[in-house]
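Chemist: These protein sequences, in sequence, are chains A and B.
The numbering of the first sequence is full-length UniProt numbering, which starts it at 1 and goes up by one.
The numbering of the second sequence is full-length UniProt numbering, which starts it at 1 and goes up by one.
Hints may be right or wrong, so weigh each one.
Using 25 Å as the maximum straight-line C-alpha spacing, the simulated DSS-like pairs for lysine-lysine come out as follows [to be verified]:
1. K56/A x K84/A
2. K66/A x K255/B
3. K84/A x K294/B
4. K400/B x K56/A
5. K208/B x K55/A
6. K400/B x K55/A
7. K294/B x K92/A
8. K92/A x K208/B
9. K255/B x K56/A
10. K92/A x K31/B
11. K56/A x K73/A
12. K254/B x K92/A
13. K73/A x K315/B
14. K400/B x K31/B
15. K56/A x K79/A
16. K55/A x K204/B
17. K73/A x K254/B
18. K31/B x K56/A
19. K255/B x K79/A
20. K55/A x K255/B
21. K254/B x K79/A
22. K56/A x K254/B
23. K315/B x K56/A
24. K112/B x K208/B
25. K66/A x K315/B
26. K66/A x K55/A
27. K254/B x K55/A
28. K31/B x K55/A
29. K84/A x K208/B
These are calculated hints, taken from the structure and not from any lab test.
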Amino acid sequence: MKTKRKRGIYEVMTAKSKSWKNSRSLLTNEHYDMMSPSIATYVNIDAPPSMLPAKKYCDITGLPAKYMDPVTKIRFVSKEAFRKARDLPDHKVEEFLALRQAQIRIK
Amino acid sequence: MAASRTTVIVDNGGNEIKATKLSASDVLSIKSDGKIPAPLCVPNALARPAKNAIQPPPDKVGKSRRPPKYLVGREILIAPDTSGMSFRRPIDHGFISLWDAQRDIWNSVFSKDKGVGISPSDIQSSSFVVTEQLGVPMHMRRAMDELVFESFGFHEYAPTPPQRLAALGAGRQTCVVLDSGFSFTTAVPVVNGMELPYCAKRLKVGGKLLTNYLRETITYRSWNMTDETSVVNAVKERLCYISMSYMRELAATKKGKGITKAYVLPDLTRSVFDPVGHVLQEGEETDGTEQLLKMNNERIAIPEILFSPSDIGLKQGGIAETIFQAVESCPEEVRADLYENIVLTGGNCLFRNFKERVDVELRPLVDSVYDVNTTLEESPTLTAINGGIRAVVEDSDSLKFVTKEVFSELGSDGILRELYGDEMETG
Numbered sequence: 001m002k003t004k005r006k007r008g009i010y011e012v013m014t015a016k017s018k019s020w021k022n023s024r025s026l027l028t029n030e031h032y033d034m035m036s037p038s039i040a041t042y043v044n045i046d047a048p049p050s051m052l053p054a055k056k057y058c059d060i061t062g063l064p065a066k067y068m069d070p071v072t073k074i075r076f077v078s079k080e081a082f083r084k085a086r087d088l089p090d091h092k093v094e095e096f097l098a099l100r101q102a103q104i105r106i107k
Numbered sequence: 001m002a003a004s005r006t007t008v009i010v011d012n013g014g015n016e017i018k019a020t021k022l023s024a025s026d027v028l029s030i031k032s033d034g035k036i037p038a039p040l041c042v043p044n045a046l047a048r049p050a051k052n053a054i055q056p057p058p059d060k061v062g063k064s065r066r067p068p069k070y071l072v073g074r075e076i077l078i079a080p081d082t083s084g085m086s087f088r089r090p091i092d093h094g095f096i097s098l099w100d101a102q103r104d105i106w107n108s109v110f111s112k113d114k115g116v117g118i119s120p121s122d123i124q125s126s127s128f129v130v131t132e133q134l135g136v137p138m139h140m141r142r143a144m145d146e147l148v149f150e151s152f153g154f155h156e157y158a159p160t161p162p163q164r165l166a167a168l169g170a171g172r173q174t175c176v177v178l179d180s181g182f183s184f185t186t187a188v189p190v191v192n193g194m195e196l197p198y199c200a201k202r203l204k205v206g207g208k209l210l211t212n213y214l215r216e217t218i219t220y221r222s223w224n225m226t227d228e229t230s231v232v233n234a235v236k237e238r239l240c241y242i243s244m245s246y247m248r249e250l251a252a253t254k255k256g257k258g259i260t261k262a263y264v265l266p267d268l269t270r271s272v273f274d275p276v277g278h279v280l281q282e283g284e285e286t287d288g289t290e291q292l293l294k295m296n297n298e299r300i301a302i303p304e305i306l307f308s309p310s311d312i313g314l315k316q317g318g319i320a321e322t323i324f325q326a327v328e329s330c331p332e333e334v335r336a337d338l339y340e341n342i343v344l345t346g347g348n349c350l351f352r353n354f355k356e357r358v359d360v361e362l363r364p365l366v367d368s369v370y371d372v373n374t375t376l377e378e379s380p381t382l383t384a385i386n387g388g389i390r391a392v393v394e395d396s397d398s399l400k401f402v403t404k405e406v407f408s409e410l411g412s413d414g415i416l417r418e419l420y421g422d423e424m425e426t427g
């Protein structure tokens, strides 16, 4: 039984151009709905969320933080860290928040 | 597999590629004395040196060579200047996405002078065992077939999950393999030598994330290390450890005492060869001109991400919870066996206290009727390749070989059918 062989990505890519898709964009092209649930796919082996609450740490020093600045949303532990947080320019604040994926996203 | 064939075994890790070549006589000698040869370990990357990097000395006197644009494999290890070096890694989030880079690296790994030494004519009649992560997208599955059969022309090959090989390397038939590697951490139950793919769990924290996080943290708190990934990686490997009482040690760092250590950053104006710097030893003299990096609570906060990823906003449980979830999704009959045989492998296991912390965190989660027993392998990064060697020597059933004939007749679809049965046809 001979079936027609599909052209794979390796052939297609080398024939057309030298640019490669990254794994993120390749993953979006997968047909996960057509696959049997008993096989492992990229999406169904992700570990589930934690059962424990997340701890809060100071963004400036890394120590356990009690407070959050309502203006910048930066968590801080002490007076000095608060001053540092307020002195930061806006884009720096965003970077600090992005480290723990808490930056403000505009949708 | 015919035992007379030469076999090349490659553990294609995200950071380091581990490779070895076994000829028929090697297999016989391993069978008789049981000594497993040390594999070749080179970075799985193409490295481009910085523009002003120090060049390696020419090989022969009087012959000037143009410096290479990219360094491959072993050349990276002997490069005199790693500062500002940029890496191009074929493996992205655990899966190969730059196939041309991967082909170049494998070429170097197979070559006679820099690698395991197999000539292109021998490849035609050789077998190839390569690791491939679970849940690999179908595009990449096909591309791997094409790379192996069309670019290299192996006679047959066996794409195998590294966790299955690691179980063999640890000498277990039934166990949970916690593989905490460069791209991510996986907990995979292995029963009778085969993994249960639908019970596998993946935690998206790996060595790469830890290094990058440390780099950002240092950049925000003291030195700008944005381009110095290799230095930060060395700092991580030498100074970070897993704390057994995290909150208490963290509180102690507030006073600036306790675990603070200084790290001497590399200084290329000095004649000493020290490309990634070193830890400042007690009593070591400083003349005040060194650039010192103070590592305080970062030493324990970075590896802590492995155990509580929610600290940095990742919505996943830590390592202990990942193992727990993986085993709990297995059939009840095998759970007792799995909890008793937890194998820890992968580069992150080299952090101090890794095993102890997993023990402490896992025990309260697991039902008290089960015994929990973890083992840390002696060289956690080599467990998978050693398992691959063992599988080839014992001619084990866990390696499913597919031949080039099937590929040229039926293409990748035929290979999928051989590997997974009829379930995969729709892919």
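Chemist: Mind checking the alpha carbons of K73/A and K315/B for me, to see if they're no more than 25 Å apart?
Modeler: Given pair K73/A, K315/B holds - Cα atoms ~20 Å apart, limit 25 Å.
Chemist: Can you confirm whether the C-alpha distance between K254/B and K92/A stays at or below 25 Å?
Modeler: holds (24 Å)
Chemist: For a C-alpha distance cap of 25 Å, please report whether K400/B and K56/A respect it.
Modeler: violated (48 Å)
Chemist: Is K84/A close enough to K294/B, meaning Cα to Cα at most 25 Å?
Modeler: holds (19 Å)
Chemist: Is the straight-line distance between the alpha-carbon of K254/B and that of K79/A 25 Å or less?
Modeler: holds (14 Å)
Chemist: Is the Cα-Cα distance between K315/B and K56/A 25 Å or less?
Modeler: At roughly 14 Å apart (the allowed maximum being 25 Å), K56/A and K315/B satisfy the hint.
Chemist: Quickly compare the C-alpha distance for K66/A and K255/B to 25 Å and report which way the hint goes.
Modeler: Cα-Cα ~17 Å, so holds.
Chemist: CA of K56/A to CA of K84/A, is that 25 Å or under?
Modeler: holds (18 Å)
Chemist: Given the hint that K208/B pairs with K55/A, does the C-alpha gap stay at or below 25 Å?
Modeler: Holds, at roughly 23 Å.
Chemist: Would the pair K255/B and K56/A pass a check requiring their Cα atoms to be no farther apart than 25 Å?
Modeler: holds (19 Å)
Chemist: Holds or violated: K294/B with K92/A, Cα cutoff 25 Å?
Modeler: Distance of about 22 Å is within 25 Å: holds.
Chemist: Given the hinted pair K66/A and K55/A, is their alpha-carbon gap at most 25 Å?
Modeler: Cα-Cα ~10 Å, so holds.
In this structure, the hints that do not hold are numbers 4, 6, 10, 18, 24, 28 and 29, in rising order.
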